[in-house]
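Engineer: Read off the chains here:
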Amino acid sequence: MKAVIAIIRRDLLLAMRRKSEVLTALFFFIIVTSLFPLGIGPEPALLKKIAPGILWVAALLATMLGLSRLFAPDHADGTLEQMALSPTPLGLLIAGKITAHWLTTGLPLVLLAPVLGIQFDLDTEALGILVLALLLGTPLLSLIGAIGAALTLGVRGGGVLLSLLVLPLYVPTLIFGAGAVEMVVSGLSAAGHLSLLAALLAVAVFFAPWATTAALRIALE
Amino acid sequence: MKAVIAIIRRDLLLAMRRKSEVLTALFFFIIVTSLFPLGIGPEPALLKKIAPGILWVAALLATMLGLSRLFAPDHADGTLEQMALSPTPLGLLIAGKITAHWLTTGLPLVLLAPVLGIQFDLDTEALGILVLALLLGTPLLSLIGAIGAALTLGVRGGGVLLSLLVLPLYVPTLIFGAGAVEMVVSGLSAAGHLSLLAALLAVAVFFAPWATTAALRIALE
Amino acid sequence: MLTATALSCVRGERLLFAGLDLALKPGEWLHVQGENGAGKTSLLRILAGLSPPAAGEVRWQGEPIRTLAEEYRRHLLFLGHHGAVKEELTPLENLSFAAELDGAALSEAEALAALSRFGLRGREDLAVRFLSAGQKRRVLLARLAVRKATLWILDEPFTALDVKAVELLSNLIVEHVRGGGICILTSHQSIPLPNGKVLKI
Amino acid sequence: MLTATALSCVRGERLLFAGLDLALKPGEWLHVQGENGAGKTSLLRILAGLSPPAAGEVRWQGEPIRTLAEEYRRHLLFLGHHGAVKEELTPLENLSFAAELDGAALSEAEALAALSRFGLRGREDLAVRFLSAGQKRRVLLARLAVRKATLWILDEPFTALDVKAVELLSNLIVEHVRGGGICILTSHQSIPLPNGKVLKI
Amino acid sequence: MSNRLINWFKFASPQSFYPLAGKMIPWFWALAAIFLIVGLYISFFVAPTDATQGEGYRVIFVHVPAAWMSMFLYCVMAGWAGIGLALNTRLSGMMAQAIAPTGALMAFLSLWTGAFWGKPMWGAWWVWDARLTSALILFFLYIGFIALQAAIDDARRADKAGAILALVGVVNVPIIYFSVKWWNTLHQGASVSIMKSPTMATTMLWGMLIMALAFWMYSIAVILTRVRAIILEREAHTEWVKALPEVRGESR
Amino acid sequence: MNWGSAAEFFAMGGYGLYVWGSFGACALLMILEPILVRRRHKNILRILRRERLADTFDNQP
Ligand code: HEM
Ligand SMILES: Nc1ncnc2c1ncn2[C@@H]1O[C@H](COP(=O)(O)OP(=O)(O)OP(=O)(O)O)[C@@H](O)[C@H]1O
Ligand SMILES: Nc1ncnc2c1ncn2[C@@H]1O[C@H](COP(=O)(O)OP(=O)(O)OP(=O)(O)O)[C@@H](O)[C@H]1O
Ligand SMILES: [Mg+2]
Ligand SMILES: [Mg+2]
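Each protein sequence line maps, in turn, to chains B, R, C, V, P and E. Be aware that the first sequence starts at -13, since it is given in this note's numbering, and climbs by one per residue. Be aware that the second sequence starts at -13, since it is given in this note's numbering, and climbs by one per residue. Be aware that the third sequence starts at 36, since it is given in this note's numbering, and climbs by one per residue. Be aware that the fourth sequence starts at 36, since it is given in this note's numbering, and climbs by one per residue. Be aware that the fifth sequence starts at 3, since it is given in this note's numbering, and climbs by one per residue. Be aware that the sixth sequence starts at 2, since it is given in this note's numbering, and climbs by one per residue.
If we strip away everything but chain B, and leave its shape as in the complex, we get:
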């Protein structure tokens, strides 16, 4: 357990050291959401309609961008090797790394999303659901993403291959997450979508660290 906390602490420390990393994932989120109006045009009604989709796709891409750096640096400099050789079970250490990843990329997105929602003129209730959905959805993105990151580790052209693997797996999260917000925007209840998200999250919490660890062991061989 001590080693797990050490891992989380170290990853947060590294994120602070590379100050820009956390901030820039956030800004990527902001910029991508702002790109869409530029591509699509400034009509407020149209923009409001596609806002949940855009915000979710942007959150998803922002999470995904940092994924390739989840294990790659540790792999390149031999830290992963040392983690595999540590007396603490590798699965636990990996769970720690995934937690740190969510804390540094997912959580900031959740906190920032309402501000961007305002740019698209969403009302208070929709903003609330947006935050709630992201709060359930972004850990899911980190967990699923970790599997992809582990599978593409040390593989040629890993970074882009990663997105190819991970994006299809993100589809359910996207549909339920954006769906929840759209329900509220059109005056319906979002409860169904949210509970589905929660269920997915519960499954992933148990399954993803295990799959990630297995994939990492293969990469290390």
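Be careful, since some hints might not be right.
[Claimed, not checked] Footprint (simulated), chain P over chain B, 3 or more residues, beta carbon under 8 angstroms: (1) 11 to 23; (2) 28 to 42.
[Claimed, not checked] Calculated lysine-lysine pairs in the DSS-like style (CA-CA distance at most 30 angstroms, straight line): (3) B:K(-12) - C:K183; (4) C:K171 - V:K171; (5) P:K121 - B:K34; (6) V:K171 - C:K199; (7) B:K(-12) - C:K171; (8) V:K199 - C:K199; (9) B:K34 - R:K34; (10) V:K199 - C:K171; (11) V:K183 - R:K(-12); (12) B:K35 - P:K121; (13) R:K35 - P:K121; (14) P:K183 - B:K35; (15) V:K235 - C:K171; (16) R:K35 - B:K34; (17) E:K43 - P:K25; (18) C:K235 - V:K199; (19) V:K183 - C:K199; (20) C:K232 - V:K199.
Everything labelled a hint here was simulated from the structure, so no lab data went into it. Keep in mind that this is a model prediction, so the values were computed, not measured. For glycine and all other residues, C-beta sits at the position ideal for the given N, C-alpha and C.
Fit chains R, C, V, P and E with the ligands to the supplied structure of chain B, relying on the hints for placement.
Structural biologist: Relative to chain B, chains R, C, V, P and E with the ligands alone:
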């Protein structure tokens, strides 16, 4: 000149060797464009309206994803050092690398775009303009992106910082590119937008390799 | 007590070695020798349990290391070609992180002492990225000094080190072996250490 | 004829060396010595024109290398800690690309000959990624053999090489220097080469 | 001629600029305070209520100065960066680095106050208008500059890289502005146009100008203070810094 | 003079939130920034003084 051709040949060879890299940029393009109907909902009229914007944003993100690998591997293994020490002027070699980047990421996007446009129900004329706009716009993306890639080389958290630097600079390309297609969709002439794109390209061809080279020299110091 | 029986290793379609036997008792050390590409690194990774052998088995205290898993790793320290040092962190942070990963307690004073023993005095708070090639390796060596493992597996530990550091490391290994430890290492230079075993691949 | 006058080098806030003078005539070679972190790599990078000195100047045939630029680089060959070999390409491809970058013509036969001279026979078509640490360095050495440069600047060229390869490289350097070349190198091991100059940092 | 050149370079050296800046800072603070008091008095007590916008328009007295400063400071920053790149003077990079955070702050304030004006006027915190969008992008450019410099540890390298980025940005800002304007006007008739400029009451104009001067003086004062800190950080190990009275502890 | 009472002044004709939201943000940030900058300056001065002190110890035999 011989060295420039050698650089282009080698980068193409490397791209073939890491087969997945070219393919996955393409797949990223496809998947991002397909994510939107999932996030936004299947209304055909709405989708047709936002199609040019989405296609362009996706193309832009697909180009951007590979950017961090434009110079980073060459930097890490010392090839860039050797290029700086080569008797051929560095600026020429860099221009070669940018060309290779466009050939491996921009060009495939141009070729694939019409297929995706059909998915959004664009008509033939609009598809033609889409291809033309991308043909002018994607080299611009590679040129501007190279500056960002050079500036963030060897910098902590470079990959994500890169997108922060580059995306704002992509705005004019995005606006004129997506604008051109929208003009045709709404029955107007796209000539104005296209000639602006061409003008931007002409400026960038002279200016960007110079700025990139200057930035690379700093990274090497 | 580390034993390996009938190990063989295949890379691509190339057989690097086959039927390799090995037994090391506490207080012994082994110098694995061989040309470039002979398979020394491959052997060491097999012994550390990082990659499986094509045939044969590695045992620790009579048990196969596959089944021992964490129990084996508790006794093991492996230093590969790559340093497992984070370029962004300082030597001090790297060292204390490594200790925490190993589940060992390391006070700041101990860490500082180890670093300054390896000539990193004054560089404790400089990101590793700025260190010279040899200084980077020295950070790794400081880890050797603080980690209490029985079995050391070191792949070319002497690279990039200057004369003084080579001597320091040699002393460290001698101490370790005298205290009942086991050490396996590779090196292309001759090693100024007494009575080791030699394995030629 | 390479001369350096009153060179000094600052890293961070640390002065590595100052007032360093240096003159090398054709047929001479120089062994730069110093502890880990003394500033050998930094000096070599300054001499190659990769980073500017904090003070002082480097001249080639009497002209400052800043103004000579490409003209100087035509005569220069620099091998750093990093190999400039692409892991995805084969040794053969790496070698011919390096030659093209240098603007030299290299036939496939010559390239193959150089590779097999350095013991890479049978690995010409294997991606460098699969090679052992020493074999990777050997690919670099093959480049030395084919490039016709007057001034060689080699940073720790002997690392990871086995005894046979060390000898091969030594012969190569001796040949180069006899033929009127200049060579500057660093190494923590003693070098089995006759009558070189020594610079201690 | 050559004499003047030397003088110029003398003040361009951090060593002589440091005390000079120290002497100037109080004056700029004083000016900022004076302009601020006068400006605030005009904005709240002299300027009359607007016929169409009621009291809400009073946001203009901070919005417009902040917006102006954000653009102006970017140009100044790029100017210093360019000088640094061309002449390799140490001070220029420090100036550019000192200006960026204040510029970003002004850009942020123009966005914030603009949003707080837009809500009562247009009923939305944000619309995708040309000027708003390009203000947002300007803010991104600032953030990019700051992030890039923060990510590079070596000060000299950070200066040069930042300079290239600032110059590339300065070429792009007009391009971005016009592209956004085109994009916006082509899509729809100007349903919302902030800059429709009703003939402003002269008191309003005066209030705005004086507030702008106050912002200006404030920016100079803060930037000079920051550049002094940066000078000390970067030159910490030079003899002249060690000999400074405040370092030797004599002045306290 | 536009205002009858202090309450009227703060209400800003119903636009209080917006006017004071803008002026307040400006005031807040423009007070905060100089404080932070001043702190940065103080901080580096403190470090420099400490280093000077350490130097004097070094020079003693
Ligand atoms: C650098 C960018 C900007 C500049 C130079 C700028 C400048 C100005 C000027 C000069 C005015 C007064 C002109 C008039 O009364 O017609 C004004 C009004 C206004 N600005 Fe801005 N502004 C900028 C950015 C923004 C932003 C980002 C927002 C919103 C988020 C905004 C919202 C407003 C509003 C709501 C008004 C009053 C509109 C009206 O009178 O109908 N501005 N701006
Ligand atoms: N896919 C493959 N196909 C053929 N040969 C391979 C493949 N992968 C690795 N090899 C060979 O396996 C060997 C690996 O050797 P290893 O790294 O264990 O050598 P080493 O003894 O540590 O050498 P060094 O002294 O250079 O570090 C090399 O000879 C390499 O060429
Ligand atoms: N930012 C910095 N601050 C302080 N010291 C630094 C900084 N950057 C580099 N250094 C120091 O500069 C020196 C660089 O040395 P260099 O790499 O030239 O050494 P070297 O002689 O090649 O050593 P080795 O034998 O280990 O390769 C190191 O001592 C390093 O600690
Ligand atoms: Mg090896
Ligand atoms: Mg070195």
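Engineer: Now, for every hint given, state plainly whether the structure supports it.
Structural biologist: Each hint tested on the structure:
1. Here's how the segment 11 to 23 of chain B fares: 5 of its residues keep a CB closer than 8 angstroms to some CB of chain P, so the rule of at least three is met and the hint holds.
2. Under the rule that three or more residues need a Cβ within less than 8 angstroms of chain P, the assignment of the segment 28 to 42 of chain B holds, with 4 such residues.
3. A C-alpha spacing of about 18 angstroms is found between K(-12) of chain B and K183 of chain C, which places the hinted pair at or below 30 angstroms, so the restraint holds.
4. The suggested pairing of K171 of chain C with K171 of chain V holds, with an alpha-carbon distance near 21 angstroms, which does not exceed 30 angstroms.
5. Restraint check for K121 of chain P and K34 of chain B: satisfied, since their Cα atoms lie roughly 16 angstroms apart, inside the 30 angstroms limit.
6. Between K171 of chain V and K199 of chain C the alpha-carbon distance is near 27 angstroms, which keeps this suggested pair within the 30 angstroms criterion.
7. A threshold of 30 angstroms between alpha carbons decides the hint, and for K(-12) of chain B with K171 of chain C the separation of about 27 angstroms falls inside it, so the pair holds.
8. Proximity of K199 of chain V to K199 of chain C is assessed by CA-CA distance (about 26 angstroms); at most 30 angstroms being required, the pair is judged to hold.
9. Using a Cα cut-off of 30 angstroms, the hinted pair K34 of chain B and K34 of chain R holds, with the two alpha carbons roughly 17 angstroms apart.
10. The hinted pair formed by K199 of chain V and K171 of chain C meets the criterion: a straight-line CA distance of about 27 angstroms does not exceed 30 angstroms.
11. The hinted pair formed by K183 of chain V and K(-12) of chain R meets the criterion: a straight-line CA distance of about 18 angstroms does not exceed 30 angstroms.
12. Our distance criterion of 30 angstroms between C-alpha atoms is met by K35 of chain B and K121 of chain P, whose separation comes to about 20 angstroms.
13. Distance hint between K35 of chain R and K121 of chain P is fulfilled; the C-alpha atoms sit about 28 angstroms from each other, no more than 30 angstroms.
14. Taking the CA atoms of K183 of chain P and K35 of chain B, the gap is near 23 angstroms; set against the 30 angstroms cutoff, the hint holds.
15. At roughly 21 angstroms between alpha-carbon atoms, K235 of chain V and K171 of chain C fall within 30 angstroms of each other, so this suggested pair holds.
16. For the given pair, K35 of chain R sits about 14 angstroms from K34 of chain B by alpha-carbon distance, which is consistent with the 30 angstroms threshold.
17. For the hint linking K43 of chain E to K25 of chain P, the alpha-carbon distance of about 17 angstroms falls within 30 angstroms, and the restraint holds.
18. Under the criterion of a C-alpha separation no larger than 30 angstroms, the hint pairing K235 of chain C with K199 of chain V is consistent with the structure, at around 15 angstroms.
19. Restraint check: the Cα-Cα separation between K183 of chain V and K199 of chain C comes to about 37 angstroms, which exceeds 30 angstroms; the hinted pair is violated.
20. Of the supplied pair hints, the one linking K232 of chain C and K199 of chain V holds, its CA atoms being roughly 22 angstroms apart against a limit of 30 angstroms.
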